[in-house]
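*Asks:* Chains as they are written, first to last, in this note's numbering: chain A, 693 to 783; chain B, 90 to 387.
Do not take every clue at face value.
[Unchecked claim] Subject to a maximum C-alpha distance of 27 Å in a straight line, what follows is the list of computed DSS-like cross-link-like pairs (lysine-lysine):
id	chain 1	residue 1	chain 2	residue 2
1	A	Lys711	B	Lys92
2	B	Lys284	B	Lys260
3	B	Lys172	A	Lys763
4	B	Lys284	B	Lys194
5	B	Lys331	A	Lys719
6	B	Lys252	A	Lys719
7	B	Lys348	B	Lys331
8	A	Lys712	B	Lys254
9	B	Lys252	A	Lys711
10	A	Lys763	B	Lys364
11	A	Lys711	B	Lys254
12	A	Lys719	B	Lys258
13	B	Lys216	B	Lys146
14	A	Lys767	B	Lys252
15	B	Lys312	B	Lys276
16	B	Lys345	B	Lys216
17	B	Lys266	A	Lys712
[Unchecked claim] Stretch-level coverage of chain A by chain B, calculated; a stretch enters the list once three of its residues show a Cβ under 8 Å from a Cβ in chain B:
id	segment
18	694 to 704
19	713 to 721
20	772 to 782
These are computed hints drawn from the structure, not numbers from a lab.
Computed from a prediction, not measured in an experiment: that's the story for all the values here.
Ideal Cβ positions, reconstructed from N, Cα and C, are used throughout, including at glycine.
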Amino acid sequence: MKFLENLILFFKGALSFNKKAYELIEKDLRQEEDNFLLAARADLLGLNFPTMYYMLELLPYMAEEEENWIKRMVKRKSIWEERFSDLDMDP
Amino acid sequence: MLKVEFYGGKGGVGKTTLSTARAHHYTKLGKKTLLVSTDPAHSISDVLGVQVGSKIKGITPLLDAIEIDPEEEANQYIDQIRKDLNSILSPVVLEDVNKQLRAAKIMPGTHEASLFDKIIILMDTYKEVYDVMIFDTAPTGHTLRLLTLPELLIEWFEGLIKKRKKIVKLKAMLGLKDEDPILIRLKIRRDTFLKAKEMIRSDNTSIHLVMNPEKMPLEETKKAMKFLNDAHQPVSEIIINKILPANIVDPFFKNKIIKEQEVISEVKTLYKDLKITEIYMLDQDMDSDSLFRIIELL
Chain A
693 MKFLENLILF FKGALSFNKK AYELIEKDLR QEEDNFLLAA RADLLGLNFP
743 TMYYMLELLP YMAEEEENWI KRMVKRKSIW EERFSDLDMD P
Chain B
90 MLKVEFYGGK GGVGKTTLST ARAHHYTKLG KKTLLVSTDP AHSISDVLGV
140 QVGSKIKGIT PLLDAIEIDP EEEANQYIDQ IRKDLNSILS PVVLEDVNKQ
190 LRAAKIMPGT HEASLFDKII ILMDTYKEVY DVMIFDTAPT GHTLRLLTLP
240 ELLIEWFEGL IKKRKKIVKL KAMLGLKDED PILIRLKIRR DTFLKAKEMI
290 RSDNTSIHLV MNPEKMPLEE TKKAMKFLND AHQPVSEIII NKILPANIVD
340 PFFKNKIIKE QEVISEVKTL YKDLKITEIY MLDQDMDSDS LFRIIELL
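Could you build the full structure based on these sequences and the hints that come with them?
*Replies:* This is how it looks when you write it as structure tokens:
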């Protein structure tokens with residue numbers, strides 16, 4: 693029985709490790725997606741970029757993402773909350 | 090191999106006249122030629138005596154012409170995007186995106202980009218059809234930017250592609266789809282600009298600056314020469330247009346002729362290695378009838 697308990701504990705640990713790793717990658721991904729949107733669509737925040745015209749053709753693929761991004765960028769407070777939660781802390 | 094010539098210079102110096110004359114000159118040599126006007130204030134129709142427009146039009150058996158309309162090109166591009174937007178389901182987002190597209194039509198930079206795109210498309214699509222393509226460009230600053238635009242855009246796109254690749258990699262680690270339409274589009278664009286850069290840099294592409302024998306056009310030519318030199322985009326010819334004939338005896342013009350000759354010799358000393366072409370002023374206005382007199386001078 694002891695062995696079985698240990699086995700369960702082991703898998704719990706292993707799985708939660710996986711979960712943690714998964715979350716870390718997800719966080720990285722979110723950050724990278726934000727970075728990309730800033731580089732690609734800063735014109736939506738009022739900055740003029742030479743590639744503005746060419747970014748329009750990406751709209752069919754990222755319009756929904758952009759919409760959320762703009763909302764998040766506008767609500768700065770929620771960005772801080774996001775960053776703090778990245779560090780497992782309260783703002 | 091397609092030969093491409095860009096004609097640039099200050100406003101009113103005679104770019105349109107000379108590029109049209111050059112186009113005729115090439116057709117006389119039996120070359121199939123396309124004359125392209127990129128100046129928003131199109132005037133090749135006036136010189137040719139034929140209404141040209143934004144579609145390629147046959148002028149003579151060997152000469153075709155087109156006046157690019159950046160507004161029309163931008164509208165086509167944006168309308169195509171609107172069609173591609175069907176994949177978006179949320180009506181709220183769609184409405185916002187449509188607003189964005191409407192704004193894009195009048196945004197600064199839009200016409201410049203759509204004009205540039207059309208130039209690349211013409212150079213690429215018709216490279217087998219024509220022997221020579223002649224671009225009559227808008228006044229200097231505009232032209233200079235146009236010629237150096239690919240460089241700038243390639244760098245931007247390289248940066249975006251790098252960022253996008255990172256995202257695709259992270260998504261793959263999470264077991265998400267690895268084919269990314271955004272990355273594909275970015276790469277297509279970058280490759281188009283690489284091709285444009287290659288075509289503009291090619292030995293078969295040349296830049297011709299037109300000026301008048303006066304101080305101000307000279308200064309502008311000097312600036313353009315410096316800018317293009319810095320951008321490693323060599324100029325192959327300077328055309329000095331509307332020079333007063335030396336046989337005028339009127340004292341007013343005599344002084345003017347001396348001044349003009351000073352400018353001409355300065356050009357010749359400054360740019361010894363370049364082809365300098367001198368065109369004398371005609372005693373009549375430029376139109377399709379007087380054009381042949383210029384063609385003979387080239």
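*Asks:* Against each hint, give a clear statement of whether it holds in the structure.
*Replies:* To see whether the hints hold, each was checked on the structure:
1. For a cut-off of 27 Å, the pair hint linking Lys711 (chain A) to Lys92 (chain B) is broken: about 61 Å separates their Cα positions.
2. At roughly 31 Å between alpha-carbon atoms, Lys284 (chain B) and Lys260 (chain B) are farther apart than 27 Å, so this suggested pair is violated.
3. Proposed proximity of Lys172 (chain B) and Lys763 (chain A) is supported: the alpha carbons are some 26 Å apart, at most 27 Å.
4. A C-alpha spacing of about 26 Å is found between Lys284 (chain B) and Lys194 (chain B), which places the hinted pair at or below 27 Å, so the restraint holds.
5. Note on Lys331 (chain B) and Lys719 (chain A): the hinted pairing is violated, with a Cα-Cα distance of about 67 Å set against a maximum of 27 Å.
6. With a CA separation close to 15 Å, the supplied pair Lys252 (chain B) and Lys719 (chain A) stays within the 27 Å bound.
7. In summary, the hint linking Lys348 (chain B) to Lys331 (chain B) is supported, as the alpha carbons are separated by about 13 Å, within the 27 Å threshold.
8. Restraint check: the Cα-Cα separation between Lys712 (chain A) and Lys254 (chain B) comes to about 23 Å, which is no more than 27 Å; the hinted pair holds.
9. A threshold of 27 Å between alpha carbons decides the hint, and for Lys252 (chain B) with Lys711 (chain A) the separation of about 25 Å falls inside it, so the pair holds.
10. Note on Lys763 (chain A) and Lys364 (chain B): the hinted pairing is violated, with a Cα-Cα distance of about 58 Å set against a maximum of 27 Å.
11. With a CA separation close to 24 Å, the supplied pair Lys711 (chain A) and Lys254 (chain B) stays within the 27 Å bound.
12. Under the criterion of a C-alpha separation no larger than 27 Å, the hint pairing Lys719 (chain A) with Lys258 (chain B) is consistent with the structure, at around 14 Å.
13. Note on Lys216 (chain B) and Lys146 (chain B): the hinted pairing holds, with a Cα-Cα distance of about 17 Å set against a maximum of 27 Å.
14. Annotation: proposed proximity of Lys767 (chain A) to Lys252 (chain B) holds, straight-line Cα distance about 24 Å (limit 27 Å).
15. The straight-line distance between the Cα atoms of Lys312 (chain B) and Lys276 (chain B) is roughly 35 Å, outside the 27 Å bound, and the hint therefore fails.
16. For the given pair, Lys345 (chain B) sits about 45 Å from Lys216 (chain B) by alpha-carbon distance, which is inconsistent with the 27 Å threshold.
17. Of the supplied pair hints, the one linking Lys266 (chain B) and Lys712 (chain A) holds, its CA atoms being roughly 21 Å apart against a limit of 27 Å.
18. Counting residues of the segment 694 to 704 of chain A whose CB falls under 8 Å from any CB of chain B gives 0; the rule of at least 3 is not met.
19. For the segment 713 to 721 of chain A, the stated coverage by chain B holds: 5 residues have a C-beta nearer than 8 Å to a C-beta of that chain, and at least 3 were required.
20. Counting residues of the segment 772 to 782 of chain A whose CB lies closer than 8 Å to any CB of chain B gives 0, which falls below the minimum of 3, so the coverage claim is violated.
When each numbered hint is compared with the structure, violations occur for hints 1, 2, 5, 10, 15, 16, 18, 20.
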